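A.B. asks: Here's the letter readout for the chains.
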Amino acid sequence: MIWIDTIAQGILLGGLYALFAAGLSLVFGIMRLVNLAHGDLIVLGAYLILLVVSILGINPFLAAAIAMPVMFGFGWVLQRLVLNRVLGEDILPPLLVTFGLSIVLQNALLEGFTADSQRVRAGPLETASVDLGAVTLGVMPMLTFASAIVVIVALNQIFYRTALGRAFRATSDDPVTASLMGIKPASVFAVATGIAMIVVTIAALYLGMRSNFDPTIGPARLIYAFEAVIIGGLGSLWGTLVGGIIIGVAQTVGAAINPEWQILAGHVAFLVVLLIKPRGLFPRAYD
Amino acid sequence: MSLLATHDLTAGYGDFQALFGVDIALDEGETIAIIGANGAGKTTLMRSIAGVLRNAPQMVTFEGRQVGALPADEIVGLGIAMVPEGRKLFPSLSVEENLLIGAHGRSGNGYWSLQRIYDLFPILKEKRRVPGTSLSGGQQQMVAIGRALISNPRVLLCDEISLGLAPVVIRDIYAALPQIQEAGAAVIVVEQDIGQAMKVADRVHCMMEGRVTLSGAPSDLSRDAIHNAYFGAAA
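Protein sequence lines, in the order shown, are assigned to chains X and R.
Each residue of the first sequence is one higher than the one before, starting from 1 at the first, in the numbering used here.
Each residue of the second sequence is one higher than the one before, starting from 1 at the first, in the numbering used here.
No lab work stands behind these hints, which were simulated from the structure alone.
Note that the structure is a prediction, hence the values are computed from the model and not measured.
Among these hints, one or two may not hold up.
What the hints assert, rightly or not - Below 20 Å or equal to it, Euclidean Cα-Cα: the simulated DMTMM-like pairs (lysine to aspartate or glutamate) are:
id, chain 1, residue 1, chain 2, residue 2
1, R, K199, R, D172
2, R, K199, R, E28
3, R, K127, R, D172
4, X, K184, R, E74
5, R, K125, R, E96
6, X, K184, R, D73
Model the full assembly from the supplied sequences, consistent with the hints where possible.
C.D. replies: Have a look at this one:
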C-alpha cells in the first residue's frame, strides 16, 4: 500500500515539474533558445505573487491572475530588447546572456527581498487532503497536477488550432521563409516568451504555496525543468509531463527507500532515460 | 511607370557581391523570365526584391514607391509574394496549414482563397491533412505556389519552380500559369529551362555573373544570342 501511495505522490509531484518545464519547452521549441534564467524567472514570479498578496491582501490565485499580465509584459520586453538581439546561428550568446540574467535576477531579488525564505500562504488549502481508500492525496498536489494538464492542453490548443500557433510552428521551422509569409519572427518570439512567462507565473504560484523559497533556489528548479524537457523529447509538451512524472516518481520512490536519495534518484532516472533514449521519449520526427 | 522595377541593383552576401547594377522592370499583367546558369545571380535578384536581402531604398520600386530597404514581412504585405527556390514548405504544418499561413501577411480580399487554390490544384484538397513535406516534389511545388497566391499578390516571384521535377510534372505546374495571370498577378519566373521560359514569358532577361547580359521578347532573341548571353562564349 505504501508503494501505491508513494507512486501516486510522485506522479502528482511530476505535475509541478511539468509546470516548471512547460515554459522552458515552449521557448526552446519555438526559437531554440535555452533560457538559463528560467528557474530564476519562476522565483521572480513567486516574489511578485507574494508582493501582490501582501499589498492587496488577496487570495494567491487572484494574485497570480494579476501577476500574469505583468509577467507577460516582462517576457515580451525581455525578448524584444535583449534576447532577440542574441538569437542566431551561434547558440553561445543566448546561453551567456540568460546566464547573466540569472545572476542579475538572483541578486536583484536578494537586494529587494533579503535572503530570508518566504512562502505564499494559502490557508486551509495547504493541508487539505482527500482520502481515496488506498491513498490519501493532498488537494494542493492534485491542483498542481490538474493545472499542469490544463496548461499543456491550452498550449497545444494555441499551437495546433490558432493562427498564432501556425505562426509559432512556421517560425520554428524556418524564420526566413516565415518572414516571406508576412510573419515577423521578432514579434512571434516576443509573444511566445510572453506566453511562457504566463506559464512561469502558474508554476511560481504552486512553487510559492507548496514550499519555502528564497532568491537562490532558481537554478535547482531549472535543473528539474531541463531534465523533464529532455526526458520528454525536446519540444514535446506531453512528453514534458511524462518527463516530470518520471522525475517525480523517482524522487518519491528514492525518498521512500532512504530520504537522502530523493534528489539523487531523480537525477539518476534522468541519466538512465538519456542512456536508453538519447533523444528523449517523444522526440520530434524532424530537426 | 512600371509596376515593379529594380534600379542599378547591387546585392551580395557579406564580402561577396552577387549582383552588379541590375535593371529590370515588370509591367502590370506581364510575365517576365529570368534565365541564366547556376551562380548567375537569379536567386539573389529574387531575394532582393522579396526583401530577404535588404538594399538601398531606391534600388527597388513598387508602384512608384521605394521599397528596397523594407524587410520581407512588409514586402509581402505590399503585394509581392515569392515561391522560394526549393519550395521551403514548413515541415510541422499540414498541407492546408502551409496554404493558410501564406495569408498571414495580408488581410485584404482578392481572387485567391483556399477553395480557389484547391480548384487550381485539386490533389491538394485530397491531401490537405498530411504534412506538407510528405508530398511528392511536384505536389510540394503546388503547395508553395498556392501558399504565395493566397496572399493575393500583385507580383508573384517564382524561383526555379521546375528544378528537380519531371517534365510531365513541370507541364502540369505551368498549366496553372494562365489562370494566375488572369487573376491579376504579374509574374517573374526564374528558370534554367530556357525552352520553358521562352514559352511563358512576354520578355526574357538573361543573366551572367550578376549582370543582365541580354533582354528582349522571346521572338526577338536568336538562339546564338541567348547562347552567348548564357555562357559568355564568343559567337
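A.B. asks: Could you run down the list of hints and mark each one as holding or not?
C.D. replies: Each hint, compared with the structure:
For the given pair, K199 of chain R sits about 14 Å from D172 of chain R by alpha-carbon distance, which is consistent with the 20 Å threshold. Simply put, K199 of chain R and E28 of chain R have alpha-carbon atoms about 19 Å apart, close enough for the 20 Å limit, and the pair holds. Taking the CA atoms of K127 of chain R and D172 of chain R, the gap is about 17 Å. The hint holds against a cut of 20 Å. Proximity of K184 of chain X to E74 of chain R is assessed by CA-CA distance (about 9 Å); at most 20 Å being required, the pair is judged to hold.
For the suggested pair K125 of chain R and E96 of chain R, the alpha carbons sit about 8 Å apart, so the restraint of at most 20 Å is met. Restraint check for K184 of chain X and D73 of chain R: the C-alpha separation of about 6 Å stays at or below 20 Å, so the hint holds.
Hint check: no violations occur; every hint is consistent with the structure.
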